[in-house]
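Protein sequence lines, in the order shown, are assigned to chains A and B.
The numbering of the first sequence is this note's numbering, which starts it at 1 and goes up by one.
The numbering of the second sequence is this note's numbering, which starts it at 1001 and goes up by one.
The hints are simulated quantities; they were obtained by calculation from the structure and are not laboratory data.
It is possible that some hints are incorrect.
[Claimed, not checked] Simulated crosslink set (DSS-like; lysine-lysine; CA at most 27 Å straight-line):
#1 B:Lys1040 <-> A:Lys6
#2 B:Lys1005 <-> B:Lys1045
#3 B:Lys1025 <-> B:Lys1040
#4 A:Lys43 <-> A:Lys6
#5 A:Lys6 <-> A:Lys110
#6 B:Lys1005 <-> B:Lys1017
#7 A:Lys119 <-> A:Lys6
#8 A:Lys119 <-> B:Lys1005
#9 B:Lys1005 <-> A:Lys129
#10 B:Lys1017 <-> A:Lys6
#11 B:Lys1025 <-> B:Lys1005
#12 B:Lys1017 <-> B:Lys1045
#13 B:Lys1025 <-> A:Lys110
#14 A:Lys129 <-> A:Lys43
#15 B:Lys1045 <-> B:Lys1025
#16 A:Lys129 <-> A:Lys119
#17 B:Lys1017 <-> B:Lys1040
#18 B:Lys1005 <-> A:Lys110
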Amino acid sequence: MSATIKCQYLTLAHAQALCGEDPESQLAEQRGENYHDAGLPPKRVAMLEFAEFLTTTSSAVTEDWVEELRSVGWDDADVVDIVHVVALFNYMCCVADDLRVDLDTERGWKEQSQRLSFKDVTAPKVFGKIAPMPESPVT
Amino acid sequence: MPYVKTIPYEDSQGELKEAYNTMTKSCGRITNVHAVSSLKPGIMKTLMAYVLSVMFGESDVSRAEGEMVAA
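Sequences and hints are given; from them, build the entire structure.
Right, dumping it as structure tokens:
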């Protein structure tokens, strides 16, 4: 979900951590940008679709989403865990982007950041006006 | 550079130094995303505890799956 909201810092941090957990992960290789094309089983795809939807459209979630998670093998405690991971890292992305945290370059992120599709997305503030979003996060 | 002042470990004292030490012990390093809140060590400590609970607590959602969601 960090890639969904175009947060470079958290996307790179967790792609790297995922690579550490699973060095063969295609999702880590493409830095979380296209989980539908990462060779993941349906259970994990459903988890990531839920995470993406929570991130972009949280207020529109219905019980159908939870039912779908149950249908692929997640139980209610898992759903609670997933929601907290999503909520925590939405928060962390906000901190990282809103305060403009520097990338941890000693961890090799500078080069990795150049491969992100959203590396140049910014929205400079116009004094007295709310700057438009460069691109809607809801697709 | 971040938009706000941050206090490096070398200059930290009291609650902030304690928060930095806890972070180093549990994560192996002080990450920039945590250090950016160094003016608010109470928030840093609470956030660190939250991260440890969510990502490293007992769960059937594996660490790798948590990282997939976070990425």
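Cross-check of the supplied hints:
For a cut-off of 27 Å, the pair hint linking Lys1040 of chain B to Lys6 of chain A stands: about 26 Å separates their Cα positions. In summary, the hint linking Lys1005 of chain B to Lys1045 of chain B is supported, as the alpha carbons are separated by about 18 Å, within the 27 Å threshold. Only pairs whose Cα atoms come within 27 Å are accepted, and Lys1025 of chain B paired with Lys1040 of chain B is accepted, the gap being roughly 20 Å. For the suggested pair Lys43 of chain A and Lys6 of chain A, the alpha carbons sit about 24 Å apart, so the restraint of at most 27 Å is met.
The straight-line distance between the Cα atoms of Lys6 of chain A and Lys110 of chain A is roughly 16 Å, inside the 27 Å bound, and the hint therefore holds. This hinted pair checks out: Lys1005 of chain B and Lys1017 of chain B have alpha carbons roughly 16 Å apart, not beyond 27 Å. Using a Cα cut-off of 27 Å, the hinted pair Lys119 of chain A and Lys6 of chain A holds, with the two alpha carbons roughly 8 Å apart. Proposed proximity of Lys119 of chain A and Lys1005 of chain B is supported: the alpha carbons are some 24 Å apart, at most 27 Å.
Distance check on the hinted pair: Lys1005 of chain B and Lys129 of chain A sit about 26 Å apart at the alpha-carbon level, within 27 Å; holds. The straight-line distance between the Cα atoms of Lys1017 of chain B and Lys6 of chain A is roughly 32 Å, outside the 27 Å bound, and the hint therefore fails. In summary, the hint linking Lys1025 of chain B to Lys1005 of chain B is supported, as the alpha carbons are separated by about 24 Å, within the 27 Å threshold. Among the hinted pairs, Lys1017 of chain B with Lys1045 of chain B is consistent with the structure: their alpha-carbon atoms are about 11 Å apart, no more than 27 Å.
Of the pairs offered as hints, the one joining Lys1025 of chain B and Lys110 of chain A holds, with about 26 Å between alpha carbons and a cut-off of 27 Å not exceeded. About 44 Å separates the Cα atoms of Lys129 of chain A and Lys43 of chain A, which puts this hinted pair outside 27 Å; it is violated. Annotation: proposed proximity of Lys1045 of chain B to Lys1025 of chain B holds, straight-line Cα distance about 13 Å (limit 27 Å). The straight-line distance between the Cα atoms of Lys129 of chain A and Lys119 of chain A is roughly 24 Å, inside the 27 Å bound, and the hint therefore holds.
For the proposed pair Lys1017 of chain B and Lys1040 of chain B, the alpha carbon gap of about 12 Å is at most 27 Å, so the pair holds. Straight-line distance between C-alpha atoms of Lys1005 of chain B and Lys110 of chain A comes to about 22 Å, which keeps the hinted pair within the 27 Å bound.
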